[in-house]
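Take a look at the letters that make up each chain.
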Amino acid sequence: DAKTTQPTSMDCAEGRAANLPCNHSTISGNEYVYWYRQIHSQGPQYIIHGLKNNETNEMASLIITEDRKSSTLILPHATLRDTAVYYCIVRVSPNAGGTSYGKLTFGQGTILTVHP
Amino acid sequence: NAGVTQTPKFQVLKTGQSMTLQCAQDMNHEYMSWYRQDPGMGLRLIHYSVGAGITDQGEVPNGYNVSRSTTEDFPLRLLSAAPSQTSVYFCASSYEAPGDNEKLFFGSGTQLSVL
Chain X
1 DAKTTQPTSM DCAEGRAANL PCNHSTISGN EYVYWYRQIH SQGPQYIIHG LKNNETNEMA
61 SLIITEDRKS STLILPHATL RDTAVYYCIV RVSPNAGGTS YGKLTFGQGT ILTVHP
Chain B
1 NAGVTQTPKF QVLKTGQSMT LQCAQDMNHE YMSWYRQDPG MGLRLIHYSV GAGITDQGEV
61 PNGYNVSRST TEDFPLRLLS AAPSQTSVYF CASSYEAPGD NEKLFFGSGT QLSVL
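Which chain is which? The protein sequence lines are X and B, in order.
Counting along the first sequence from 1, when you hit position 42 you're at 42 in our numbering, and nothing is skipped either side.
Counting along the second sequence from 1, when you hit position 16 you're at 16 in our numbering, and nothing is skipped either side.
Everything labelled a hint here was simulated from the structure, so no lab data went into it.
Treat each hint with caution, since some may be false.
Derived SDA-like pairs (lysine to any residue); straight-line CA-CA distance at most 25 Å [claimed, not checked]:
1. X/K52 <-> B/A97
2. X/K3 <-> B/Q57
3. B/K9 <-> B/R68
4. B/K103 <-> X/Q45
5. B/K103 <-> X/S28
6. B/K9 <-> X/Q42
7. B/K103 <-> X/V85
8. X/K3 <-> B/K103
9. B/K103 <-> X/A13
10. B/K103 <-> X/I63
11. X/K52 <-> X/E66
12. X/K3 <-> B/V50
13. B/K103 <-> X/D82
Next up, chain B with everything else stripped away, as it sits in the complex (with noise of 0.2 Å):
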């Protein structure tokens, strides 16, 4: 098992700019998140998905979309790139809702750098 697969690893935008980040997972888990961190802080949720076609927002939505159209995989997409949004983003899964006696998953990170 490969577990939570994010791409790319590092990645430099221009402000404007727009990319997506993905997530993909072979575990056959129903719940994915992404979070993001910033120097010196925890993280912060950003959006999650309790199952494909269901999506939520999380603490600092703004400035980002996703979708969960399979299982499999859940991307996270700037559309319009700030450097507000330079920070290190995690994805994680869990194969029901964290909180209910389940355990997440994370990826190991995407370093995004926006100038």
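Here chain X stands alone, though its shape is the one from the complex (with noise of 0.2 Å):
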């Protein structure tokens, strides 16, 4: 099962920033945040990701709080083609017979709406 949480939908004026916020109390230390989205019948779009420090890239900023315990995704100038399924997550930490090995579980995410 997925080890964060979303709220269930945002809604953000175009041209303002959009904060997503996504909290994960269980992360472990060597666990990656990742961010993804999911356009309209479209396959996931990797966004960003990053381990303890602040990220910034052409789409997004994430940002991590010191303890890891949560995390904002930050569009800084929303369009109405951000409009989408943001999912955040963490990877399942492997168990002792590894079988969780390469596993990224996707949760409900956020429904983003950006409107005029």
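Now that you have both chains on their own, put them together as the hints suggest.
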């Protein structure tokens, strides 16, 4: 099951910053936080990921709290094309048998609606 | 680069029929995986592979078989389709296992209906 908690939905005005929160209170020290988004009927698209430090790329910024128990994805100037479901993901830690190796579990995500 | 290519894009099956969903990537990625997505739900992992000849089960493996004979291809087989397998299927790949500082690349999906 997903190890993250996100709001079900959020709204944002076009041109404003969209701040999407995510709680991951049980995150382990070596687990990365990933963000993906899925625009209607398309395959998910990678946005950004980070371990401890804040990260920025051409799409977004990722702010991770010092205790790493939560993070925020920031879309600095949201457009209508940013309307999508946004997934915050933490890798499932491998169990003793190693069967969780390589798994990313997608939860319900946050439906972000950008309006004019 | 084509990235991750899935075929077919749409498929309708009758209950009990078999078929194979194809997935190919041209990025020399070691890790490949299959997800299914049902209306109103997130993506659920079916099977994954960390390299040629190595596969493992995800969250919802029942009713599906996979094999990985080459690095490029990771087909998903439905041996006896059931209406519960009506879903959108996504294939994804990455250079190494995701979560280890690797990002997933997804295909455009296969919409499967089982009548």
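Given the hint that B/K9 pairs with X/Q42, does the C-alpha gap stay at or below 25 Å?
11 Å, holds
Sort out whether B/V50 lies within 25 Å of X/K3, counting only the CA atoms.
22 Å, holds
With a cut-off of 25 Å on the C-alpha distance, tell me whether X/K3 and B/Q57 pass.
19 Å, holds
Pair hint outcome, B/K103 versus X/A13 [Cα-Cα no greater than 25 Å]:
With Cα atoms ~29 Å apart, B/K103 and X/A13 exceed 25 Å; violated.
Satisfaction of hint between X/V85 and B/K103, Cα-Cα up to 25 Å:
18 Å, holds
B/K9 and B/R68 were given as a pair; does the straight-line alpha-carbon distance stay at or below 25 Å?
Distance of about 21 Å is within 25 Å: holds.
Mind checking the alpha carbons of B/K103 and X/D82 for me, to see if they're no more than 25 Å apart?
20 Å, holds
B/K103 and X/I63 were given as a pair; does the straight-line alpha-carbon distance stay at or below 25 Å?
Between B/K103 and X/I63 the Cα gap is close to 18 Å, so the pair holds against 25 Å.
Is X/K3 close enough to B/K103, meaning Cα to Cα at most 25 Å?
18 Å, holds
Within a Cα-Cα threshold of 25 Å, do X/K52 and B/A97 meet the stated pairing?
OK: X/K52 and B/A97 at ~19 Å, within 25 Å.
Straight-line alpha-carbon gap B/K103 to X/Q45, limit 25 Å
Judged against 25 Å, a Cα distance of about 9 Å means the pair holds.
Decide if the proposed pair is consistent with the structure: X/K52 and X/E66, CA atoms, cutoff 25 Å inclusive.
Roughly 7 Å between the alpha carbons, so the hint for X/K52 and X/E66 holds.
Hint 9 from the earlier list is the only one contradicted by this structure; the remaining hints agree with it.
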